[in-house]
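Take these sequences, add in the hints, and give me the full structure.
Numbering (our numbering), first residue to last: 688 to 1164.
Hints in this document: simulated from the structure, not taken from any laboratory. Among these hints, one or two may not hold up.
Stated by the list, open to error - Mimicking SDA-like on lysine to any residue, the simulated pairs with C-alpha atoms at most 20 Å apart in a straight line are: (1) Lys983 <-> Gly1035; (2) Lys917 <-> Ser1055; (3) Lys846 <-> Glu900; (4) Lys783 <-> Phe897; (5) Lys921 <-> Cys1053; (6) Lys987 <-> Ala976; (7) Lys987 <-> Gln1139; (8) Lys955 <-> Phe967; (9) Lys955 <-> Phe1087.
Stated by the list, open to error - Have a look at the derived ranges for each label pair, beta carbon to beta carbon: (10) Arg996 <-> Leu926: 17 to 25 Å; (11) Val889 <-> Val1097: 39 to 47 Å; (12) Ser704 <-> Tyr784: 20 to 28 Å; (13) Ala740 <-> Phe878: 23 to 31 Å; (14) Val853 <-> Ser726: 16 to 24 Å; (15) Ile1090 <-> Ala749: 18 to 26 Å; (16) Ser704 <-> Ser873: 40 to 48 Å; (17) Ile972 <-> Lys702: 27 to 35 Å; (18) Trp800 <-> Ile1090: 18 to 26 Å; (19) Val1097 <-> Ser704: 50 to 58 Å.
For each residue, glycine too, the CB sits at the ideal point set by N, CA and C.
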Amino acid sequence: MLPMVIEMESAGLEKLSRRNLWGWALGSIPTGLLAYIFSLKYVEYFYNNLALAPLYFIIGQAIYLVVNAVNDPLAGQLSDRTSRKRWGSRRLIYIKYGGPIWAWTFLLVWFPWSFNNQIVIFIHYVVSLCAFDTMLTIVLLVWLAVLPEMTMDIDERNKAQFIAGVMGTIVVLPVFIVIAAMRPDSEGFRFLMILFAVISMVFLELTAHFCHERPEFQSDRVYSLKESVKATFKSKTFLVYVGFYFCQNFLSTLGLSYFFIYMLLLQKVTPGLNVVLFFFVIYFIVGYAGNIVCMKLQRKWGLRRIILRFGVVRVVGSIVLFLIILVPIFEPLIWYGLVVVTFFGGYGIFQIPMQYLAIDEDEILCGSRREGMFIGVMALLTKPANSLGPIIATMILTTFGYIQGGALAVQPESAFLGIKIIWLLVSGIVASLGLVSIYYYPLHGEKLDEMQRKLTELHKRKREAVLGQVQSAKGSS
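Structural data, given as structure tokens:
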């Protein structure tokens, strides 16, 4: 069976089978249900509903920042060094057995340990965040690592990423619309979280079943933690891309975790409108339209050029929109600006595939694939943005007089200025910093073509070596 698999993969020139493509994409459903719901609601739950003091909230984020950063390279090393002979897998085993634990840590977040004791709420906040993120890291890291091992073709990776995004949206969009206005401390919300945790377990098992790990990578040399970390810091492609990835993580955190304050602003600007529905239609539908256009332009312009061109429009649009809506009479224009900014943010579809290119380049240099370690070290350097975003946003809200848990009617006008600053000005500045990194990204044009040619030759040699070992074993038996 093994020789047949290798021959089929060689003949297929890195094309994903339907089983692998759709099996990998299924992983987006639990990712959407668990990771996105967590990002959407955890700040609202602890900061707004349980009214955790801003100082405790920021201290908790600082602790979360450290845990969030450190657990990724450790998880990557754990996966890369897992014995294939003993477990038969170094990636999918963590999805199969880690998935249910991840779902349980998700539930831990939504069942309060106290409603009025600040110390107990703080402990619950820190423990549940760190536990959830650790299991998310283990499962999500290996899910991401499986795709570039299954194919080196950029178009195939982009297609898989897009299908996963669309599949996740089909499931997540109606869920988001339902839970967006729900209080995270309500019984109805907790019941839905239990349901989503069970559904996520099922889909994680399906993902582990339908994906496969390429046999030619199972005999790659395993590097120590020290060797792996040193290798990642020698990669110029990797180090340059860290800046862009950091900024994207920062923007992602501000985009979902502070949804509840953006709704206050939109309700103020357009009273009577179903702002939740309109927001998610723009966020998902317009966002994916931008993804599609970027993917269509990929062959013509290349990843780097698309990000730079679309990114400039996004940054300028964000800052101009901020300046316009400072004038109250123009505030309703925020909807039109939101469409433009979301569409031209469609280059985010390339965030993960561009990271894979640094891993491909590393394989050419050292001869082994180390997705786990690269993704882990990337997280070590960029996951702090997941905490830095909420820390900065919380400081801005406190400075501008935002009232925790307060309805629209009780918020001072200064609070809405703070919300505008977070949503548009801070986001525009951070996005522009990310574009600076992309400008210096080295893998594009002829250099990218040459790298892919060398990688194709290397994979061919690996397949031939494994096939030769199998045939020799058959001959000796």
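Results for each hint:
Taken as a hint, the lysine 983 and glycine 1035 pair is honoured in the structure, with Cα atoms around 14 Å apart against an allowance of 20 Å. Distance restraint check for lysine 917 and serine 1055: the Cα-Cα separation of roughly 15 Å lies within the 20 Å cut-off, and the hinted pair is therefore satisfied. For a cut-off of 20 Å, the pair hint linking lysine 846 to glutamate 900 stands: about 19 Å separates their Cα positions. Using a Cα cut-off of 20 Å, the hinted pair lysine 783 and phenylalanine 897 holds, with the two alpha carbons roughly 11 Å apart.
Of the pairs offered as hints, the one joining lysine 921 and cysteine 1053 holds, with about 12 Å between alpha carbons and a cut-off of 20 Å not exceeded. Between lysine 987 and alanine 976, the direct Cα distance comes to roughly 18 Å. Compliance with the 20 Å bound is thereby established for this hinted pair. As the CA atoms of lysine 987 and glutamine 1139 are separated by approximately 17 Å, the hinted pair is consistent with the 20 Å bound. Restraint check for lysine 955 and phenylalanine 967: the C-alpha separation of about 18 Å stays at or below 20 Å, so the hint holds.
Taken as a hint, the lysine 955 and phenylalanine 1087 pair is honoured in the structure, with Cα atoms around 17 Å apart against an allowance of 20 Å. Take arginine 996 and leucine 926: their Cβ atoms lie about 24 Å apart, and the range 17 to 25 Å holds. Valine 889 and valine 1097 have their C-beta atoms about 43 Å apart, which keeps the hinted 39 to 47 Å range intact. For serine 704 and tyrosine 784, the hinted distance range of 20 to 28 Å is satisfied, since their beta carbons lie about 24 Å from each other.
Between alanine 740 and phenylalanine 878 the beta carbons are some 29 Å apart, a value that agrees with the proposed interval 23 to 31 Å. Between valine 853 and serine 726 the beta carbon distance is about 19 Å. The supplied range of 16 to 24 Å therefore holds. Separated by about 24 Å at the C-beta atoms, isoleucine 1090 and alanine 749 satisfy the suggested range of 18 to 26 Å. Distance hint check: the CB atoms of serine 704 and serine 873 are about 44 Å apart, consistent with the given range 40 to 48 Å.
At roughly 29 Å, the beta-carbon separation of isoleucine 972 and lysine 702 lies within the given 27 to 35 Å, and the hint holds. In this structure the supplied range 18 to 26 Å holds for tryptophan 800 paired with isoleucine 1090, their Cβ-Cβ distance being about 25 Å. Range check, valine 1097 to serine 704: Cβ separation about 57 Å, and the 50 to 58 Å hint holds.
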